[in-house]
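Listed here are the chains, written in short residue letters.
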Amino acid sequence: MPVLLASDQAPTLPELLRVANTVGLDCKIVGATEPMPCIQGVGSLLSAGPVEISFLSNPKLHAQLALSKAAAVILTESVAATLPANGPPCLRVICSQPYLMYALLAQWFDRHRIDQLACGVHPTAVIADTALIAEHVSIGAHCVIEAGVRIGCGSRLGPACVVGTGSVIGRDCLLHARVTLYHDVTVGDRAILHTGVVLGADGFGFAPDPYKEPGAWAKIAQLGGVRLGDDVEVGANTTIDRGALEDTVIGNGVKLDNQIMIAHNVHIGDHTAMAACVGVAGSTQIGRRCTIGGAAMFAGHLVLVDDVQVSGGTAITSNINEAGQYTGVYPFADHRQWQRNAAVVSQLAQLRRRIQTLEKAD
Amino acid sequence: MPVLLASDQAPTLPELLRVANTVGLDCKIVGATEPMPCIQGVGSLLSAGPVEISFLSNPKLHAQLALSKAAAVILTESVAATLPANGPPCLRVICSQPYLMYALLAQWFDRHRIDQLACGVHPTAVIADTALIAEHVSIGAHCVIEAGVRIGCGSRLGPACVVGTGSVIGRDCLLHARVTLYHDVTVGDRAILHTGVVLGADGFGFAPDPYKEPGAWAKIAQLGGVRLGDDVEVGANTTIDRGALEDTVIGNGVKLDNQIMIAHNVHIGDHTAMAACVGVAGSTQIGRRCTIGGAAMFAGHLVLVDDVQVSGGTAITSNINEAGQYTGVYPFADHRQWQRNAAVVSQLAQLRRRIQTLEKAD
Amino acid sequence: MPVLLASDQAPTLPELLRVANTVGLDCKIVGATEPMPCIQGVGSLLSAGPVEISFLSNPKLHAQLALSKAAAVILTESVAATLPANGPPCLRVICSQPYLMYALLAQWFDRHRIDQLACGVHPTAVIADTALIAEHVSIGAHCVIEAGVRIGCGSRLGPACVVGTGSVIGRDCLLHARVTLYHDVTVGDRAILHTGVVLGADGFGFAPDPYKEPGAWAKIAQLGGVRLGDDVEVGANTTIDRGALEDTVIGNGVKLDNQIMIAHNVHIGDHTAMAACVGVAGSTQIGRRCTIGGAAMFAGHLVLVDDVQVSGGTAITSNINEAGQYTGVYPFADHRQWQRNAAVVSQLAQLRRRIQTLEKAD
Numbered sequence: 009m010p011v012l013l014a015s016d017q018a019p020t021l022p023e024l025l026r027v028a029n030t031v032g033l034d035c036k037i038v039g040a041t042e043p044m045p046c047i048q049g050v051g052s053l054l055s056a057g058p059v060e061i062s063f064l065s066n067p068k069l070h071a072q073l074a075l076s077k078a079a080a081v082i083l084t085e086s087v088a089a090t091l092p093a094n095g096p097p098c099l100r101v102i103c104s105q106p107y108l109m110y111a112l113l114a115q116w117f118d119r120h121r122i123d124q125l126a127c128g129v130h131p132t133a134v135i136a137d138t139a140l141i142a143e144h145v146s147i148g149a150h151c152v153i154e155a156g157v158r159i160g161c162g163s164r165l166g167p168a169c170v171v172g173t174g175s176v177i178g179r180d181c182l183l184h185a186r187v188t189l190y191h192d193v194t195v196g197d198r199a200i201l202h203t204g205v206v207l208g209a210d211g212f213g214f215a216p217d218p219y220k221e222p223g224a225w226a227k228i229a230q231l232g233g234v235r236l237g238d239d240v241e242v243g244a245n246t247t248i249d250r251g252a253l254e255d256t257v258i259g260n261g262v263k264l265d266n267q268i269m270i271a272h273n274v275h276i277g278d279h280t281a282m283a284a285c286v287g288v289a290g291s292t293q294i295g296r297r298c299t300i301g302g303a304a305m306f307a308g309h310l311v312l313v314d315d316v317q318v319s320g321g322t323a324i325t326s327n328i329n330e331a332g333q334y335t336g337v338y339p340f341a342d343h344r345q346w347q348r349n350a351a352v353v354s355q356l357a358q359l360r361r362r363i364q365t366l367e368k369a370d
Numbered sequence: 009m010p011v012l013l014a015s016d017q018a019p020t021l022p023e024l025l026r027v028a029n030t031v032g033l034d035c036k037i038v039g040a041t042e043p044m045p046c047i048q049g050v051g052s053l054l055s056a057g058p059v060e061i062s063f064l065s066n067p068k069l070h071a072q073l074a075l076s077k078a079a080a081v082i083l084t085e086s087v088a089a090t091l092p093a094n095g096p097p098c099l100r101v102i103c104s105q106p107y108l109m110y111a112l113l114a115q116w117f118d119r120h121r122i123d124q125l126a127c128g129v130h131p132t133a134v135i136a137d138t139a140l141i142a143e144h145v146s147i148g149a150h151c152v153i154e155a156g157v158r159i160g161c162g163s164r165l166g167p168a169c170v171v172g173t174g175s176v177i178g179r180d181c182l183l184h185a186r187v188t189l190y191h192d193v194t195v196g197d198r199a200i201l202h203t204g205v206v207l208g209a210d211g212f213g214f215a216p217d218p219y220k221e222p223g224a225w226a227k228i229a230q231l232g233g234v235r236l237g238d239d240v241e242v243g244a245n246t247t248i249d250r251g252a253l254e255d256t257v258i259g260n261g262v263k264l265d266n267q268i269m270i271a272h273n274v275h276i277g278d279h280t281a282m283a284a285c286v287g288v289a290g291s292t293q294i295g296r297r298c299t300i301g302g303a304a305m306f307a308g309h310l311v312l313v314d315d316v317q318v319s320g321g322t323a324i325t326s327n328i329n330e331a332g333q334y335t336g337v338y339p340f341a342d343h344r345q346w347q348r349n350a351a352v353v354s355q356l357a358q359l360r361r362r363i364q365t366l367e368k369a370d
Numbered sequence: 009m010p011v012l013l014a015s016d017q018a019p020t021l022p023e024l025l026r027v028a029n030t031v032g033l034d035c036k037i038v039g040a041t042e043p044m045p046c047i048q049g050v051g052s053l054l055s056a057g058p059v060e061i062s063f064l065s066n067p068k069l070h071a072q073l074a075l076s077k078a079a080a081v082i083l084t085e086s087v088a089a090t091l092p093a094n095g096p097p098c099l100r101v102i103c104s105q106p107y108l109m110y111a112l113l114a115q116w117f118d119r120h121r122i123d124q125l126a127c128g129v130h131p132t133a134v135i136a137d138t139a140l141i142a143e144h145v146s147i148g149a150h151c152v153i154e155a156g157v158r159i160g161c162g163s164r165l166g167p168a169c170v171v172g173t174g175s176v177i178g179r180d181c182l183l184h185a186r187v188t189l190y191h192d193v194t195v196g197d198r199a200i201l202h203t204g205v206v207l208g209a210d211g212f213g214f215a216p217d218p219y220k221e222p223g224a225w226a227k228i229a230q231l232g233g234v235r236l237g238d239d240v241e242v243g244a245n246t247t248i249d250r251g252a253l254e255d256t257v258i259g260n261g262v263k264l265d266n267q268i269m270i271a272h273n274v275h276i277g278d279h280t281a282m283a284a285c286v287g288v289a290g291s292t293q294i295g296r297r298c299t300i301g302g303a304a305m306f307a308g309h310l311v312l313v314d315d316v317q318v319s320g321g322t323a324i325t326s327n328i329n330e331a332g333q334y335t336g337v338y339p340f341a342d343h344r345q346w347q348r349n350a351a352v353v354s355q356l357a358q359l360r361r362r363i364q365t366l367e368k369a370d
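Residue numbers (our numbering), protein chains in the order written: chain A, 9 to 370; chain B, 9 to 370; chain C, 9 to 370.
Hints are all accurate, no fakes.
Computed from the model, here is a short list of chain A residues facing chain B with C-beta under 10 Å:
no.: 1; residue: Tyr-110
no.: 2; residue: Leu-112
no.: 3; residue: Leu-113
no.: 4; residue: Gln-124
no.: 5; residue: Thr-132
no.: 6; residue: Thr-203
no.: 7; residue: Gly-204
no.: 8; residue: Ala-281
no.: 9; residue: Pro-339
no.: 10; residue: Val-353
no.: 11; residue: Ala-357
no.: 12; residue: Ile-363
Source of the hints: derived by calculation from the structure; they are not laboratory data. Note that the structure is predicted; figures quoted are calculated from it, not measured. C-beta atoms are modelled at their ideal positions from N, C-alpha and C, and glycine is treated no differently.
Given these sequences and hints, build the entire structure.
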């Protein structure tokens, strides 16, 4: 579960490993007997059935191996060595990186589904004469492609996407339904943009305008753009604002989950990954290969070095100059216990003074 | 205010109570004189005028009773007993549950508005030949219904909804404008889905791919789906991701407010209600009848039992095995006072040691 | 960078200052020589080239003045006095408010771009017969305008906007692509609404319905509307819910960033500005001229006076009766240091008792 391919379309196990293994992982079938099983899908150890392949990458799930009904299981050599000779009936696929091999298999099965989607430009799409649409591009129903847009070969837009004047989408991108690019936004190759993504809305910039009324604001028009590198994925309803004067920049291989907010002029380094609901305020620079937990917040105008891990919910309010993990959410508690402790939080400075007094008296 | 019905369409008070009271609540008009007033709408105690009905459910508002200009007020017997004999001129509707009665009345007036909306399939909607659309279904302008979709009797889709391949929508659902279902998403009966809702975007899953580049990520295609039970409501711009291998599951009667993020493989038990801006990380299981305050966050792979209340803004970072209320947000303060206390928070461990030293010396 | 106008469209510096300075700021060119340069765009001190104008408003950037290649720089008289006589080659524009002058210039250049957008009603828009569309209104492709809608002179709707029954949009508004108004929403003049904005979705209101099942909820239909004043800007994917019985009200000149959630019956006073990801729970009233940092949260039914500043990430859980700055996020730390301190947070009440014991013994 889920079984994805009809039995007459399913490859044999060796065929599957060959076609899916696009990065050349080491991969060896053990305990194999002819005829090889056909594999219709991929599942977890407990859910996979006799026409599916599974994998063990989390050591905590080792005990599930004996219970698995999968046709074959991907595991490391060292895990395989722990199995009794008369062990689980499933075939074993020995691989140094079972989790990566599973990723490749899941991609292969999903590509089958994608290849069956409708192709070509839907007649209800509204496309400006000056837009340059490369070959093998699909444009879904009710899309709007404005003047001067360029879309690279093999890219695929779901229904109701809007691509603003002068924006550029690279090759082999996948825009799901209802993605919006404002004008002058650039997206690299192989991007995956999910429904509700908004690239290039105005950054939040205002100057006080006392000439109008005390407290009134004058809008600072946002003249910069947004640039996404290659291999970027952006989750549903995430927004990335355009820069004030220069661009907001997202590096290669960056992965952003849903409902993230990236403000104007932020820079995010290559391969950084952010879980959902993160907010990054204006002009902050985040390094490469950082991992950011869900609902973390970043103040504006900060600089974070490469290889920083930020725990979920943490508010980052100053620069981080050293790689490492940073945390800031204090533990929750039963409400009554919390009430007792919360009252003390607002007295901490006073408490410290009382300790100092005691120390002097001592 | 708001007056909802024209006077010639307004029912008399007894008629209204009869048609709106679909659950058979006890309900008795006191102080009634013929002819009965016609009721054109429902309002709060202070805003309702002489053609509207109001209610008292919050004891704090008791003093407003004497000031109300409403034609009739719903209240409990015990509240009615407190009123002077020559008390407020409005009629009294005695009911054991005034708040529920108000809910039923508001539903009845709103249904009038909904019944006047356009029906049928709009000619600009793009509907695949293999989609199965039941009778009495409305599909708004610019909707896109893909192959193999099934939509149950009496359901109503606002403009610009997208329903992906193979997804299923039950009976009597209400999808407001611009709701998006990816492929293989299942929605039960009587769902209400608000604008910007995205069901079935990819969960956030990646495996390290050192074969490509240090720090690079390989996408884990998300092969599971999303399943919503019956009577679920989902607020504007809320996103519920599809599962990695199995489904993300939302129980019957679950109510989700706006801008909530439910990650892949989360399970939410029946009748649990979440206020806005909550984030739930992957594979976490939340029990039945829980109430979750706004902007609460849940780490991944947790298990929470039934009947848990989480206060707004609280970060839940470990399992909860016992019903009850849990809280974790420490109190805000005037900025200077906060500065003094915040400095101490980072010295708490050291402070405890100083107390220990003093205790030993004592 | 970005150069915005072709050289044959660029005004001379004095012309530009005259046409852009719509509020009558004091503004004087110093060190001017004929012929005056033509200005094609605006840039930061370091990025602006010899056909662009720049500005200095942040004293920290003073050192960049000497390095700027801009044609002209806007600065205050006192900053200009610090420059050596043979100082930077760029022309100096003396102005008491360089940041506001920059805002006006950026607006002027952006208006050029907007004036080139397509005008008129796109043939794919679906517009009800009873809608009243004023003169000089643009309606983008695939918009849906329902019955009884009114749109004021000079307003411009991007592609795929949906305006529900009876809603009203004022004059000179700019709705970017894919903005949704439910029924009976009112928007004042000169509003700017970004992609994904949802005005008027149902507030989150339910009454316990034990008649159905223990824990079940009955929906409270939301009969109020949403009212936005004049000069309001709302960022991408922000949601403002309709009121339960009365309206949710946003004052004149209010500026809301992206992904903000305003719940039912909230009132926000004139000129208040909120950074991204803020959540305001139901019926809370926020005063005029407040500034709210990103990801701040507000509990429901609170009252905040005018001129309150709330720091980013702060949870406001009680009324604020005095103007001033309020903060509540405790500082993050290196993960190990955090672990040591976090353990003490749950013992604070106990710690205080131990100090009391020591004090008595002393």
